[in-house]
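A.B. asks: For reference, the chains in residue letters:
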Amino acid sequence: MTKPSFVYVTYIATTPEKLWRALTEGTFTEQYWFGTRIACHWAPGAPLTFRKDGALFNTGEVLVYDPYRRLSYTWKVEIDDAFRGERASRVVFDLEPKGAEVKLTLTHDDFDIDSKVHEAVSQGWPMVLASLKSFLETGRGLAVSSAGAANDTKEQVIARARAASR
Amino acid sequence: MSEPNFVPKTVYVNYIAAAPEKVWAALTDATFTRQYFFGRSVEIEARVGGSFILRMPDGRVDVQGKVVEWDPPRRLSVTWRVMWHEDMRKLPECLISYQIDALGEAVRLTLTEAYQWEVPDDILAGGRQGWPAILSSLKSLLETGKPIVIQMGPPKEMLEAIKQRG
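The listed protein sequences derive, respectively, from chains A and B. Start counting the first sequence at 685; every next residue gets the next number (the working numbering). Start counting the second sequence at 17; every next residue gets the next number (the working numbering).
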C-alpha cells in the first residue's frame, strides 16, 4: 500500500516574490488563510506556529527555505485530539515562474497510512490555495462558508462522483 | 447488459468568488470558454442526450461527446472523446463531471474525470496537467475579468504512451 500524499497545482497571476511573502508573512496569511497567522524567524531548522484567534493550530520546523523557489516545513496538528496523536507530516511549496504567472505546486506527504490529517488537509488545501490566488489577484481572500465545505471527506466527494456517474 | 460504472480517477477542486449561474455560464458558453480553455469553443445542446463539442480555434473538433447530466446551475456531465489526435480517438471515452456547490459568497467547483477501464497513469497525466491550468484560468476570468494565459504543449509522454499501446 502506498503512503498517502496530496498534490495540488494552481497558477497565479503574480510574481514569485509576492507569492513568497504571502506564504511566509503572518499579516498576509491571516487575510487568505481564514484568519490563520503563520509566525517564524525563517531559517532552516527554525520553529514555526500557526495561530487563529490566539489558539495554537499547528506547529512545525522549517526544512527548506530557498526564497522565491521552494519552501518546506513539517506540519504537526495541535488543535484537535483526533489529530494530535499523529506525528508531523511534510509540506512543500514549489514556485515556478511561467510568463506573467507563477505555477505553485503544493505537495503534502510523509503521512502514516490511514492518517486523519491527510484526509483533512486534502479537503483544506484547495480552499486555502484558491483563497491565496484570489488574495494575490484581487486583493481579497475568499469568504467560504465552512458548512458543507470543510466537513466533506475525500470519500464523500468520490462517492458523490461515483453515484452521479451511474 | 449494463455497462461498467465510470470510476473517478482525477478530482480537482477549486473555489471561486462568483455566483453558481456565472460558473455555469462559464462552462457552457463559448464566449467564456474561448478565453480560458486554450481557445476552445464549447458547443453544447442544453438537454440530456444532446451533443457536446469542444472546437479548436482553427475549427477542428478537439473533443466530442454527449450530455449525460444537465442540471443548471449545479451539475453538468458529458462523455468525452479526444478527436484531434488519431491515437487518442481510439481510446474509450471518459466521463467529465462538473459539480457546483454554493458556499456563502463563493462556489466550490469540483471537476471529476472518470473511466470505465483500467486507465494507466501516463494517460491520466494529460488531464492532471491540463485541468489545474484550465480551471485556474477560469477562476481568474470570473474574479478579475481576465483569464491567465498558460503556455502548454500537448502532453508528449501521454501521446507516446498511447502510441505504444497500439
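Among the clues, some could well be false.
As the list claims (entries may be wrong) - Calculated Cβ distances over 10 Å to all of chain B for the following chain A residues:
| id | residue |
| --- | --- |
| 1 | T711 |
| 2 | A723 |
| 3 | D737 |
| 4 | R754 |
| 5 | S756 |
| 6 | K760 |
| 7 | E770 |
| 8 | G783 |
| 9 | E785 |
| 10 | D798 |
| 11 | S799 |
| 12 | S815 |
To be verified - Result set (DSS-like, lysine-lysine): computed pairs, CA atoms no more than 27 Å apart in a straight line:
| id | chain 1 | residue 1 | chain 2 | residue 2 |
| --- | --- | --- | --- | --- |
| 13 | B | K38 | A | K787 |
| 14 | B | K172 | A | K782 |
| 15 | A | K787 | B | K172 |
| 16 | B | K25 | B | K106 |
| 17 | A | K687 | B | K25 |
| 18 | B | K106 | A | K787 |
| 19 | B | K25 | A | K787 |
| 20 | B | K162 | A | K702 |
| 21 | A | K800 | A | K736 |
| 22 | A | K782 | B | K162 |
In case anyone wonders, no lab produced these hints; they're calculated from the structure. The C-beta atom is built at its ideal place from N, Cα and C for all residues, glycine as well.
A.B. asks: Against the structure, test the hints numbered earlier, and report the numbers of the ones violated in rising order.
C.D. replies: 8, 9, 12, 18
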